[in-house]
Amino acid sequence: MMRELADNILDIAQNSISAGASLVEIGISVSHERDTVALVFKDDGRGMSPELVKTVAEPFTTTRKTRKVGLGLPLLKMTATMTGGDFSIESELGKGTTVSVSFGLSNIDRPPMGDAAGAFFTLVLLNPDIDFLFTYDYDGKQFVFDTRVIRETVDPLPLDHPEISAWIKDCLSQEITELHGGLFS
Amino acid sequence: MKSLAELAAIRAKMIEQVNLRKDDKVDTRIVVGMATCGIAAGARPVMLGFVEELKRRGIENVTVAQTGCIGMCRLEPMVEVYVKDQEKVTYIHMTPEKVARVVNDHIVNGRPVDEYTIGAQG
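Chains as they are written, first to last, in our numbering: chain A, 1 to 185; chain B, 1001 to 1122.
Chain B on its own, in the form it takes in the complex (with noise of 0.2 Å):
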């Protein structure tokens, strides 16, 4: 296995930081539907492309979570972006390559991707 004494060291020097960033608000929440319908359509590499992007662009006020049977399972992998404060936006038939676009459009420059939205295509 990879070090333990690495992992430590990481700890001691984050833990510093999360005490400067407790007050921070998480406003933004990234929803992936994972239930059996979500997993076959391809909703893994979906929600690691999220996890992965946020991280190389170092945004940190925004979650990533999964959520069950969203009831369109035809339309999976589905994604669900709540913005505080604004209306839910529901981006469908998603896929790592549309990953990007997503995050830099929407969670980076608040407008939704409407071609990838349930309005759009559903």
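Isolated chain A, as found in the complex (with noise of 0.2 Å):
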């Protein structure tokens, strides 16, 4: 299991990136109200056959060629099971995958959040070249970065030149932070 939620960011993540997706979208959703921590990753990748989706969140589907099991997927079902959350998946070939998950807010068993502005610019900095839309609401309160809106400002500098890639990483804390209000974990 992953010692806080913004590392499974990070890894749910890599499989848009792997299936090609040009934009990248990722929700964080955190609702005292309702009692959930909800993540949605979307994006525009080649998408999965319906064969591939109902086996894709098993330990033993891979598409890797080295060996035959993939622990990503199945980690962060558990996880969400395990804490009275939601897990679910919806591909299209050629079209790309959404993948829906959701665990209990006030659940003992929720792994913290953990650092999600550093798995963004994580995320960013070791793929200048994809388009990552991040989402954060929090109680209502909302935080938007597009990296498209970045990308056309500092045009034709890249997103990992040393300078801009400090900014967006000061930006990314420095939102989210303020959107805790220090607090949340």
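I should point out that these hints are in silico values taken from the structure, not numbers from a laboratory. Mixed in with the good hints there might be a few duds.
[Stated by the list, open to error] Covered by chain B, per the in silico footprint, the following chain A stretches (three or more residues, Cβ under 8 Å):
no., stretch
1, 99-112
2, 165-175
[To be verified] If you anchor each label on the Cβ, the simulated ranges turn out as follows:
no., chain 1, residue 1, chain 2, residue 2, range
3, B, T1063, A, S173, 20 to 30 Å
4, B, K1002, A, V69, 40 to 50 Å
5, B, A1065, A, P156, 19 to 29 Å
6, A, S100, B, E1097, 29 to 39 Å
7, A, V69, B, E1097, 23 to 33 Å
8, A, T63, B, T1095, 28 to 38 Å
[Stated by the list, open to error] Non-contacting residues of chain B with respect to chain A, defined by C-beta distances greater than 12 Å in every case (computed):
no., residue
9, I1010
10, R1011
11, D1027
12, Y1082
13, V1083
14, A1100
15, R1111
16, P1112
C-beta: ideal position from N, C-alpha, C; glycine also.
Can you join these two chains into the complex? Each is in its own frame, and there are hints to help.
This is the structure we're talking about:
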């Protein structure tokens, strides 16, 4: 099991990148009223066949060639269901995939959110040619970060340019800390 | 959001420098294993630690990249350092605390930190 939900975010987003997505949308939504933390990953990658969707959250389903086990989605699903949450995948070949997952916010087994800003920053830094749309809803307060806007602003510099990425890192961590009011874990 | 005007100002300042640096070659690569196994073992703070340390020291001819599962999941977080014309060095069980020493000894001074390598610990 991952120590932080932020680690799951980094891990599951990697699937979208491997699927050749050009835009990866990641949403976090925290609601104390509904007592849930929800994550949504939506990509425009190559998508999966209905057969693959059925078994993709099983540990012995993987597309890698080196061995027959893949644990990313199974770990996510396990964490969701053990905290009273839900897990679902919709996918269409050639269109993309959406993974939706929720956790019980006050459930004792829910891992802490951890460094969500760090996970987002890592994705941008290591995949500077892919666009990301991060949305974070915290009890109705919203933070939106769209790399397409950043890209347009800094063109022709790449997003992994040291000064640009430093700005992105500060922006993400300041805004998300502010959103949490410094208290959420 | 932090102001985009601020970002535009950084862009304007950097564009000239990018032109000046065009001929610089990247000759060292730091590659962090970032598959499910690496991430679960704590690869993210290690990766961010390298980015931070390189920036703090103003080192620019080194890139930090990710790779998938290297195949020895129990040794994660693993980091491979490729210095041009030298044999690859593989560090295992990396932590953010070990990063500064790897950058100082290996990246800057060319002496791999033997005790952190797979040869010493594996």
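Hint check, failures only: Per hint list: 1, 9, 10 violated.
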